[in-house]
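**Student:** Chain by chain, the residues run as shown.
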Amino acid sequence: MNKVVSSFAEAVADVPDGAVIMMDGFGGPGGMPQHLILALRDNGAKGLTIISNTAGLPDFGSLGVAVAVTHNVLMENGQVRKVIASFPVSASPARPNAFELLYREGKIELELSPQGTLAERIRAGGAGIPAFYTPTGAGTPVAQGKEVRTFNGRACVLEHALLADFAFIRAHQADTLGNLSYRGTSRNFNALMATAARITIAEVDEVMEPGGIGPEAIMTPGIYVKRIVKR
Amino acid sequence: MNKVVSSFAEAVADVPDGAVIMMDGFGGPGGMPQHLILALRDNGAKGLTIISNTAGLPDFGSLGVAVAVTHNVLMENGQVRKVIASFPVSASPARPNAFELLYREGKIELELSPQGTLAERIRAGGAGIPAFYTPTGAGTPVAQGKEVRTFNGRACVLEHALLADFAFIRAHQADTLGNLSYRGTSRNFNALMATAARITIAEVDEVMEPGGIGPEAIMTPGIYVKRIVKR
Amino acid sequence: MPERLDRELIAMRVAQELPEGAYVNLGIGIPTLVSQFLPPGRTVVYHSESGVLGYGPLAGQGQEDIDLINAGGQFLLPTPGMAFFNSAEGFAMVRGGHIDVAVMGAFQVSEKGDLANWMLPARGVGNIGGAMDLAAGARRVIVAMEHTDPQGKPKIVRRCAYPITGPGCVSLIVTDVAVIEVSPAGLTLLEVAPGWSPREVQEITEAHLSVARDLREMGF
Amino acid sequence: MPERLDRELIAMRVAQELPEGAYVNLGIGIPTLVSQFLPPGRTVVYHSESGVLGYGPLAGQGQEDIDLINAGGQFLLPTPGMAFFNSAEGFAMVRGGHIDVAVMGAFQVSEKGDLANWMLPARGVGNIGGAMDLAAGARRVIVAMEHTDPQGKPKIVRRCAYPITGPGCVSLIVTDVAVIEVSPAGLTLLEVAPGWSPREVQEITEAHLSVARDLREMGF
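Chains as they are written, first to last, in my numbering: chain G, 1 to 231; chain R, 1 to 231; chain U, 1 to 220; chain E, 1 to 220.
One chain only, chain G, in its complex shape (with noise of 0.2 Å):
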């Protein structure tokens, strides 16, 4: 039982067109898998769906960042179809991402949801619970078209899972076994992500084996990752 791959391109190698894939995209660049993101764009597929906080994040050159790279590439290289975020634009509108200006096109497709109800939906998918009531968002636009219920008085969306067919994580330490351990951060919706795809890849700094990662400090046990790449 070993589930490291050899490469970010074997890794990714059955990302067919049409797939729906998980991938973290918050503020920063370091909980990016940009390795299996570059290797994405390489294999090609498209029709995309990305579920994501962002939808691409340009900026990342100016910090020095060795690989620059977040899903923004994906946009770029019109791989995606659809997705599915809370935060899809740059925060300045004079500076359009990729996804943006796609959009404005309508090249694009786009399904807003709050981040902590995008965080719980991700976590109900790989936690086998269909659907769950939430005061996030009742009363605003995002409620529109959805079940509302008043539980103690309060009004309730309705919300539904998230499920993938690819999780890509980024992780800091693997072992052979798959267990995970992330740093800081960066943890975010990595966690969660690992959890709810059919095909769970890890892009990490470091394979060790079985117990190199205590049994306390395993943040995503093995039995959510299918394979693990060295960077």
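A hint or two may mislead.
Which chain G residues stay away from chain E? Per the calculated CB distances, all over 10 Å, these [as the list claims (entries may be wrong)]:
| # | residue |
| --- | --- |
| 1 | Asp17 |
| 2 | Arg41 |
| 3 | Gly78 |
| 4 | Glu100 |
| 5 | Leu112 |
| 6 | Glu120 |
| 7 | Leu158 |
| 8 | Asp165 |
| 9 | Glu209 |
| 10 | Ala217 |
Simulated crosslink set (DSSO-like; lysine-lysine; CA at most 27 Å straight-line) [unchecked claim]:
| # | chain 1 | residue 1 | chain 2 | residue 2 |
| --- | --- | --- | --- | --- |
| 11 | G | Lys146 | E | Lys112 |
| 12 | R | Lys146 | G | Lys146 |
| 13 | E | Lys153 | E | Lys112 |
| 14 | G | Lys230 | G | Lys46 |
| 15 | G | Lys46 | G | Lys226 |
| 16 | G | Lys226 | G | Lys146 |
| 17 | R | Lys46 | R | Lys107 |
| 18 | U | Lys112 | R | Lys146 |
| 19 | R | Lys46 | R | Lys230 |
Bear in mind the hints are in silico, worked out from the structure with no lab data behind them.
Using N, Cα and C, we set each Cβ at its ideal position, and we do this for glycine too.
Based on the hints, put chains R, U and E in the right spot on chain G.
**Tutor:** Frame of chain G, contents of chains R, U and E only:
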């Protein structure tokens, strides 16, 4: 900001009659907040609702554990009006626990919840999710009187969040800000219950200064914890 | 009637059903014994509702750690690669379809694969524990049990008389006399214990058994 | 009109609203500045949607760690007692009512306390981020913003023209000219910036303001 309280008696002094209290109670003594339970017995509050995986395990003496105490003592002491649990009675019908004897006499109420549903209801309580659908229990007596709805062809039961007035937590380490870590399987219900009560009180082996438990190793962030007592 | 298999042999037969690399949950009783009989070279990872994945064998005397137990409260040994988690995460694994095989005991199994294993009505109260979640969530549920109850009555029935743990969830039944597959078409007798005929198995089974064309003798 | 306060003074005034020991979430923009102006001796714990509780100040140049950021993608410094967690846990804290105070920016706030801060309709698309969860879940929502928009139009309105982030969620509005309380009875002007009269504040406010009996000047 220091959440350390000097005695177990002081920590539970404000538990009133009729309080709803969560406490661990898996199959072993590791996760039991034994000193808090003894302090609650001495406090004498009556008409309590106990939310726990079990309804008291009377058989720990044989394990040679220093203090062989579970919520069984609260049942024996007549302090409990109602139990919400997944595994309320002894595995052996020939050796009934105090709960079962009271239950036979109609002196105590029981709400039976599958273990995963119980865990999820407690998590939902802490997470502000008032209700969720689960496939667990559909088509069984557990679903009686509950809404059942089909998602993706599967019947699912609507289950409601659980919240408590107090959670009695058994943790391993704490820092003065209330951050907690657990040892091994004693994390199971403790780490959930810590999130779902108005007043969470943790019984711990060791209290450290902030930073004593590393930022990656904290399992229950201090935001959930009001009081800490050292064993 | 020919001699029946003992609990260890039932567990040994079940062990053959665990695929390489599978994530497996073993219930209390006969299922717990299964881990002792894994075929040489086979690696599986065990999950327990107590909040641990990848645990080691049962602890011997003097090795007990009160913070390392299984769902039955038995003490376990640590093993490299083991992971701890809270119960919401532990049941996310179950409900979310991440457990490949759950092996459970049963009071009754119906011809539709309904499982009853949590309550004897005479007691008036029962323990569900993790059974309903495993019945609903595991990809494959194997029941390991004696073929008849202590009074000699069939446990494989047309309809469960006892309260149900999960409807239509059982895929395979391994007993002390037979291996039986559950499918939408009903129950198929795949294997019989040494010395048993299909007719003899049917005599102590309430539900109808079709006999597999390639019926075999249970091997260990 | 008298001179308006700068962003730092707005943040300084908001800082006074954070009680000892509070768990606080600061939004992007003026709210982020609040942590610099906490009164001496006051301890609060900051929560970020990026998955960290109890973080330290913004990192200086050369101190950046790409795995320690806030919700706006700014780099943070570690501090003892800090804790990391995943986003489901981070938003459990928000939605579950564990955040005592959220400080947010706004495009508009209505007299009912409706908040609009995620979308300018002219753009055709907007970012929600964590704003709707904070609006729904924080025990107390304080809005920190300029009193009027870049075109000089009132941002405190009878009804929000922009899409809503949360209905009736705002408790207090701190602007560059006033402090205004939101209650079921409407808006009450509690404080005015130095040199401002209630009438002058009302002139740049679309919604009606009741003036508090003990109206004060904003102090820092």
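**Student:** I'd like to know which numbered hints this structure contradicts. Please list them from smallest to largest.
**Tutor:** Structure breaks hints 4, 5, 6, 16.
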